[in-house]
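Order-wise, the sequence lines are chains A and B. Our numbering applies: residue 1275 is where the first sequence begins, and numbers increase by one. Our numbering applies: residue -8 is where the second sequence begins, and numbers increase by one.
Hints were generated in silico from the structure; no laboratory data involved. Just so it is clear, CB atoms sit at the ideal spot from N, CA and C, and this is done for glycine as well. Treat the hints loosely; a few may be bogus.
Just a few of them, taken from the derived set where beta-carbon distance is under 8 Å, the chain A residues facing chain B [stated by the list, open to error]: (1) 1292; (2) 1294; (3) 1303; (4) 1306; (5) 1313; (6) 1338.
Each computed DSSO-like pair below joins lysine-lysine, with the alpha-carbon atoms no more than 30 Å apart [said to hold, decoys possible]: (7) 150/B <-> 1331/A; (8) 150/B <-> 1307/A; (9) 76/B <-> 1307/A; (10) 1331/A <-> 1386/A.
Beyond 12 Å from chain A on every Cβ pair, some chain B residues (computed) [as the list claims (entries may be wrong)]: (11) 2; (12) 41; (13) 60; (14) 69; (15) 72.
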Amino acid sequence: MLQDFAFVGIFIVVAIALAGGPLILAWLVRPAKPNPIKSSTYECGVETYGDAWVQFKVQYYIYALVFVLFDIETVFLFPWAVVYNQLPLFAVLEMALFILILTGALVYAWRKGDLEWV
Amino acid sequence: MNVINDPFTWLAGQLVNWLSTFMPANGVSITMAVLRAASLGIFALVMFMVMTWIERKGVARIQNRIGPNLAGPWGIFQPLADGVKALTKEDITPDHADRIVYNIAPILSAVAAMIVFAAIPFGPGLIGADINIGILYILAVSGLGVLAILMAGWSSNNKYALLGAFRVVAQLVSYEVPLVLSIVAPVMLAGSLSLVTIVEKQPVWFILVLPASAVIVMLSGMAEVGRSPFDLLDAESEIIAGHHIEYSGMKFALFFLAEYVHAFGVSCIVTALFLGGWRGPDIAGVTVPWLWFFIKAVLLFNIMVWARGTLPRLRIDQLMAFNWKFLVPLSLASLIVVPLADRLAQGMGLTQGSWPWALVMLAFNVAMILWAFALVSAAGRRARMAAQVPAEVTAAESHDESGYGEEHGLAHGADAGHAPAAAGAH
Chain A
1275 MLQDFAFVGI FIVVAIALAG GPLILAWLVR PAKPNPIKSS TYECGVETYG DAWVQFKVQY
1335 YIYALVFVLF DIETVFLFPW AVVYNQLPLF AVLEMALFIL ILTGALVYAW RKGDLEWV
Chain B
-8 MNVINDPFTW LAGQLVNWLS TFMPANGVSI TMAVLRAASL GIFALVMFMV MTWIERKGVA
52 RIQNRIGPNL AGPWGIFQPL ADGVKALTKE DITPDHADRI VYNIAPILSA VAAMIVFAAI
112 PFGPGLIGAD INIGILYILA VSGLGVLAIL MAGWSSNNKY ALLGAFRVVA QLVSYEVPLV
172 LSIVAPVMLA GSLSLVTIVE KQPVWFILVL PASAVIVMLS GMAEVGRSPF DLLDAESEII
232 AGHHIEYSGM KFALFFLAEY VHAFGVSCIV TALFLGGWRG PDIAGVTVPW LWFFIKAVLL
292 FNIMVWARGT LPRLRIDQLM AFNWKFLVPL SLASLIVVPL ADRLAQGMGL TQGSWPWALV
352 MLAFNVAMIL WAFALVSAAG RRARMAAQVP AEVTAAESHD ESGYGEEHGL AHGADAGHAP
412 AAAGAH
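Use the sequences and the hints to build the structure in full.
Written as structure tokens, this is what we have:
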């Protein structure tokens, strides 16, 4: 098992090399003639107004919260799924109940209008 | 085991024999691991080229064009020509960009797409590393791609790039939920997170046992890659190109590499989870598991190309509504229905993995899907009625509202609470 993860580590290094290699090659080959107009921000030819790093809608944050809710649910689901075949019927029904409770959370977010894109 | 069954293992065996003539055992295993990793990575790059070619040819045929046809026979060397072009293009970093993050983002994007291949079983024994948490590793690693896109959008200091990045994070994070929830079902039936075990447990392909999960995984996989009709992240007509608007040359090419490698990775994952992986009949009396896996994965990629060529882009609110109000409830329902149907079938004395058992599971899944569609169409009809009634009373006031209801019948369809609320507003 440790050997397998060692391979994953080697593969990550190889992937970084395969992605970075062309960049280094391009750095050797490509021309470099910068000028102020070329390196200005490209926004459809319209003069850039202000900074791009601004406040954004709270809607994104609410989606992130609902995502975290379900992602934590899957943390409980995967171990249950792996041992599913050895479980008694009681444990299966219990998980169905757990999913139903979480569906309640989804219905709540839905009724509160948090799933509407505004 | 002969050369045709598995040429790769045979080649590796020959190489090990040759290496051990002048190397200690440890050195041989380390060299082999590095060679295996290198060939897997180069395989991913080659697949990137093949996939771009298939996509351009396929979309061209759908649009009644010829597509690339000058570089080599049928334009097959077009990706190489594109690569050379990307190499010689000037690299522009916009003023006020966050330089470090701006340069790391394309590399992270490509790496996140490539390292998925470490745990994909292309054939029996033909896998980078058979880690026992294979599918969990793939889910975790492909999540890094979202981070890379957010980094690219944020560091470009461009409003369009930032808008694109925000949309992407909202979209990818949302579609991750039905993807992960639906992958639980095959894991449950196979009793393992390892993709090798999941493939071995499919005498009947899981697409017949769990059609709902298969379709949800394929759809949300397409959304995860950000391909049309879910390509809001680089909607050219609205936000120019989203997060990679300021990138040029090789860095731009790396984002495309990430997209196509990820798309092929999703095809491979769906193949392994639902299409029986390397399982398939013998061809001319020879078992060629790797060829079967390859054929299935390329066919799935062609379905993605087909969808891209025929479907228009969804709007962001339709996209989110489709996910949260249709895919997520459906995958939750399938998580309740599948174990109960399985227990019922086993209670009837059918063994897991047999054809009668698969038919019972199929019946339950089809019933669930039909029920979901009935709910959606009923809710859509209610929403349309609610939007039409006030249109007759005050036509001028609610003109745009009724149009909205018509367009959004399906997207808001699963929204049961929406119709009474809309009716109450008038």
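- Query: Once the shortest beta carbon distance from residue 1294/A to chain B is found, is it less than 8 Å?
  - Reply: With a minimum Cβ separation of about 6 Å from chain B (threshold 8 Å), the hint on residue 1294/A holds.
- Item | When the least beta-carbon distance from residue 1313/A to chain B is tested against 8 Å, hint result | Check passed: Cβ of residue 1313/A comes within 5 Å of chain B, closer than 8 Å.
- Query: Hint check: is the beta carbon of residue 1338/A less than 8 Å from a beta carbon of chain B?
  - Reply: Result: holds, 6 Å to nearest chain B Cβ.
- Could you check that no beta carbon of chain A comes within 12 Å of the beta carbon of residue 60/B? Since the minimum Cβ distance to chain A is about 26 Å, residue 60/B lies beyond 12 Å and the statement holds.
- Query: Given the proposed pairing of residue 76/B with residue 1307/A, does the C-alpha separation stay at or below 30 Å?
  - Reply: Given pair residue 76/B, residue 1307/A holds - Cα atoms ~17 Å apart, limit 30 Å.
- Message: Min Cβ distance, residue 1306/A to chain B: is it shorter than 8 Å?
- Response: Result: holds, 6 Å to nearest chain B Cβ.
- Item | residue 41/B non-interfacial with respect to chain A [C-beta, more than 12 Å] | Fine: 16 Å to the nearest Cβ keeps residue 41/B off the interface.
- Would you settle whether the hint for residue 1292/A is holds or violated, based on the nearest Cβ-Cβ distance to chain B being less than 8 Å? 5 Å, holds
- Message: Can you confirm whether the C-alpha distance between residue 1331/A and residue 1386/A stays at or below 30 Å?
- Response: 17 Å, holds
- Can we trust that residue 69/B is non-interface, i.e. its beta-carbon lies farther than 12 Å from all of chain A? 17 Å, holds
- Item | Non-interface label on residue 2/B, tested against every C-beta of chain A at 12 Å | 18 Å, holds
- Would you assess whether residue 72/B, listed as outside the interface, keeps its beta-carbon beyond 12 Å of every beta-carbon in chain A? Residue 72/B clear of chain A: closest Cβ-Cβ about 15 Å, beyond 12 Å.
In the structure shown, no violation is registered for any of the earlier numbered hints.
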